[in-house]
Structure formats: structure tokens, C-alpha cells
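**Student:** Protein chains in written order, with numbering that gives the first Met the number 0: chain A, 0 to 253; chain B, 0 to 306.
Treat each hint with caution, since some may be false.
[Claimed, not checked] If you want the footprint, here are the derived chain B segments under chain A, 3+ residues with CB under 8 angstroms:
| # | region |
| --- | --- |
| 1 | 42-49 |
| 2 | 111-118 |
[Said to hold, decoys possible] From the derived model, a few chain B residues whose C-beta atoms are all more than 12 angstroms from chain A:
| # | residue |
| --- | --- |
| 3 | S53 |
| 4 | P68 |
| 5 | R73 |
| 6 | E99 |
| 7 | A160 |
| 8 | D163 |
| 9 | R199 |
| 10 | D215 |
Calculated directly from the structure, the hints in this document are not laboratory data.
The model shown is predicted, which means the values in this text are computed figures rather than measured ones.
A virtual CB, placed ideally from N, CA and C, is assigned to each residue, including glycine.
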Amino acid sequence: MRFPFWRGSLAICRRELLSLWVTPLAWVLLTAFLLIQGGVFYSIVLHSSSLDQGGAPVGPLQAYFGQQSVLLSMTLLFLCPALTMRTFAEERRSGTIEILLTAPLGSGALVLGKYLAVLATYVAIWLPTVLYAVLLRDTGVVQPRVLAVSYAGIALVGSSYLALGTLLSALARSQLVALLTSVFLQFGLFVLGVGEYVLEEGLLRDTSAYLSLTTLLEETSRGLLDSRRIVLHLSVQAWALYVTSRVVESWRGS
Amino acid sequence: MIEALHLTRTFGSVVAVSDLSFCVRPGEAVGLLGPNGAGKTTTFRLLTGSLGPSSGDIRIMGRPLAEHPIEARRHIGYMPENAPLYPELTGAEYLSFRAELAGLPRAERKRAVREAAEQAHASSALGIAIAHLSKGFRQRIALAAALLGQPAVLLLDEPTAGLDPNQVEQVRELVRNLAKERAVLLSTHVLSEVEATCERVIVLSRGKIALEGRLDDLRNPAVADYRLSVRAPRAEVEAAVALAVEAGHVELEEQGDGRIQLTGHGGAEAMNRLLKALVERGIAIEAAAPRRAALSEVFQAATRSGA
């Protein structure tokens, strides 16, 4: 019987999604995320409308995705680790990893399935924010292409955070350790980007700007997406998922 | 068929299993026995591919596990010890996930889940979240998961742990039926389980095979006791015993009514020699009962020595 790679991943992905959404975890994250983002968006719109007479420098959507990207980054700092912390750490704690390791499934398919599930949940959590654009559609500030690129930036940053979080969950023995290490790592990446504003001109500052997540979000909020940043993030994701599959494979030898 | 060839697995300087070679053919159930720490769990983990061997080979239905892990694992139905499950899923959701993982096409999954649940007597647990199931039902859900897709090889680790006596009998009956066509390897601490379901046993001790063979052969008179009841003066009986068997192999116990009970070791051969010696001395034998060794005795004899 043929059993293609993607079918194994799909089985894992479906189970992972089911577990995420039948437990309170995804719903709590969704609620907390929308409360915070709703508050941020509301204050931006309020601020924009108060500046209307003098003219706001940027539209509220651009401000939400770009100028306020520090706030976004901070939200992602907790959202992504919370989504990924249980992927492997919980399987190892409960012993269900043995079911997965003895299934007719490669480590790559297993890791990909779990990653796709957290990515789909991440997208689902962001999806309601499309309503912000719907609310503003009559004001003339919504540019569909810019909006699409803004979301692409959010997807790019999030998918990298999720890939790194999945790797840390495989390395950690408990969900809490996975959560904390993931938060610290992502905070480290955030701080790395701050170098763009504090370092003097030179290679270090250029590297810092290249790695900066806030700069990426600021650029995408203006409808700009640098292909170098796409390559960087896709490379980070591929590397993290490959290393995760090697870590999973190593459990067979331990 | 399960073939283990010179399997060795070490953890640092600790040798968990050493040079294990055995085979389980389709149509037989084999019991894997051994005291705690003998290497049973490691052996199961090696056979399922969740742990790699330090040396040696495993073949599942002729497929080398090392070279074709996915192909080989497709033939395995595995029920791990303690039945690890996802508590947030219902029995049906979990079994459907396992069916999909086993590669069953969508059209067959529902039927396969229903049939496996019926076989494992877990149908009534299908609609209930696993977190709310009793240990017995969880155990049966895990057993049903191992049966999905009718794998040719079944590896069952403590399949009746947590079940009540009726359920235990149902599972034993199921294992006996499954073993008519499949290769079943069953690990358990319950010796009566092996006696009820298996034709052959492998006894592990300190990571090595201490004993392997058919249950009938292992419990044969060669390692068994026997008991005779005779009516004669003690001195005569002692003289016959001294002629027939080695000192210390027979215990005499006077019954008070003129009868003497002789309990001997050394199997049928020794009993026959003693019978002949007693008859030649004209001693009346009232009863002679060779006793097959209980599996527990075979187990103790094999594992006590450390083999």
C-alpha cells in the first residue's frame, strides 16, 4: 500500500489541530490576542481620527502593522511560544511520542505535520483582524495590495518564530521549559534588531537591520517586501524544521 | 513474521539486551517473560523501531527494519505498556487518527475503527473523551488501535493490565484468535496470561534469553516434581530410594496411617527408576502422580540463575 509523505503529515496535522482546538489553549490565546490587538487598533484609530484635521502621517492600518510593530512583536513573543510549547514536549511527557515513533511515518513528516498545525492555528488567530480592514473600507485608507503584503510580513515573522519554537519544544523536557526558552530566544532576536537604531554605521548595524523583525514589519506595512528577508526567513524555517527532525530521529538512538 | 538476529542494545556501559535471536512466525503467540529490568521493554522498543539497536538486525515480514523502517512498521500493530493516549480526544477520534496514521484510506477508516473497537470490546467508549474513560477502557482503546488495519505482526505489552476478570478472559480469547493468522509477541508479568494464550515463551534475564521453547516442553517432567504414595515400613522405602535416586532428591513424609508419601525431583525418568525399585522390593504403590512444573517454577528456575 502506497502511503505518501504528505498523508502522514496530514494525519499528524489534523490530530494536532483537534487537540489544540478541543482544549482551551487555542481559544484562550485567540481571546487574549484579539483583546490586545483590538485595544491597540482602537487606540490607533482614535489617535488617527484626532489628527485628521492636521493630517495623520500614515493610515491607521499602516500604523497598526508598521509603526506599532514593537507592540506586535511583543504580542508574537508570547503567542508563538504558547502555540509551539506543547508540540513535542507534551508528547514526550505523556509517552504518546512512542505511538508516533512506531507509526509508519518518517521524522520529517512528523515534524512537518506538527508545524503545519501550529502555523494553521497562527493564521486562524490572525484571521479575525481582517475585520479591522473591513471596518475601515469606506474611509479610503485600505489598500488591498499593501494589506496583503502586511499580512505576508506577519506570516513570515510568525512562521519563523513557530519553526524555532517547534525546535525548542523538541529539545525541552517540559512545556514550561519550551515556553521560556522560546520566549527568551525570540526576545533575543527582537533585541538584535534594535541594534539598527543604536549601533554606528557599519557591518554590524547592516546585519542588525537585515535581521530586524520590526524593520521587516515596518517595511511590509508600507507594501514593501525585500526578497532577501524572504530568503532569510525561509532559510531559518527550513533549518529549524530540519534540525527538529534530526532531534526526533535521535530519540530512536537514545 | 518477527525475526530478531543477534540484537544488542547498550546504554552507555549498561547492556540492556545482549545477542538476542528469536523468531515469531505467523500463526503463533509467543510470551516474552522476564523479571523487571530483564530487557523486555527495550526488546519491544527495538522491535517497533522506536529505539535503534547497537548491533544486530530486525526483520518484520521479511523487511529489514533498519533499511526499510516505514515499510516494516506498516506491518506492526503495537500496544505500548500503560496505553499512552491523547486524553482530549474521544475514543473514535483517537482510533480514526491511528487508522489514518496506519495509512488506511478515508473510505475504509470508519469501518476499520468500528471493527477494531468491536474486537477489543471498546465500542461503548468510542463517543467518550479518553480523559473520562476508566483504565480498562483506555487499555481496550489502545488494544483496538493496535488491531487497526489488521497488521500481520502484533506486539502487545501488558495487554490486560487494569482489566477486570471478564475483560481479561475476553482479551485472552481475542489474542488466541488473532494468533491463528498473525505473529503475536506478548509481554506480561502475569504468567497465567502466557499459559492461557501462548504456545511458546521466551524468558529474558539480564538482557539475555535464559529460556526459550514451547510451554509443553518447558513444563515437561524433566524439570518437574512427582509424588508417590506407598504403604511399607520406612526402612524398606528408604532402601529402595537409596538405590534408585540420588540422595536428597526425594523427601519422605509419614502420613500416620501407615502410608508414606514420597515427593521427588528430577522428572519422569527419576520417578520411573524409583517406581521400579519399589516394585522390585514388593512395596505396594497406592498412587503415583507426575506433576508438570508450573510456569512460575520454570520462570523462577530460569531467572534465578541469572542465565
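**Student:** Does each hint hold? Answer for all of them.
**Tutor:** Outcome of the hint check:
Here the region 42-49 of chain B counts 4 residues with a CB under 8 angstroms from a CB of chain A, which clears the bar of 3, and the coverage holds. Counting residues of the region 111-118 of chain B whose beta carbon lies closer than 8 angstroms to any beta carbon of chain A gives 0, which falls below the threshold of three, so the coverage claim is violated. A beta-carbon of chain A comes within 12 angstroms of the beta-carbon of S53 of chain B; the shortest separation is about 9 angstroms. The claim that P68 of chain B lies off the interface is violated: its Cβ sits roughly 8 angstroms from the closest Cβ of chain A, which falls inside the 12 angstroms cut-off.
Not every Cβ of chain A is farther than 12 angstroms from the Cβ of R73 of chain B; the closest lies at roughly 4 angstroms, contradicting the non-interface assignment. In this structure E99 of chain B is not separated from chain A by more than 12 angstroms, as the shortest Cβ-Cβ distance comes to only about 4 angstroms. Listed as outside the interface, A160 of chain B is consistent with that label: its C-beta sits roughly 14 angstroms from the nearest C-beta of chain A, beyond the 12 angstroms cut-off. With 12 angstroms as the threshold on Cβ separation, the claim that D163 of chain B sits away from chain A holds: the shortest Cβ distance comes to roughly 24 angstroms.
Look at R199 of chain B: its CB is around 24 angstroms from the nearest CB on chain A, clear of 12 angstroms, so calling it non-interface holds up. Even its closest Cβ contact with chain A, about 33 angstroms, leaves D215 of chain B beyond 12 angstroms, as expected for a residue assigned away from the interface.
Hints 2, 3, 4, 5 and 6 from the list above are not met by this structure, while the remaining hints are.
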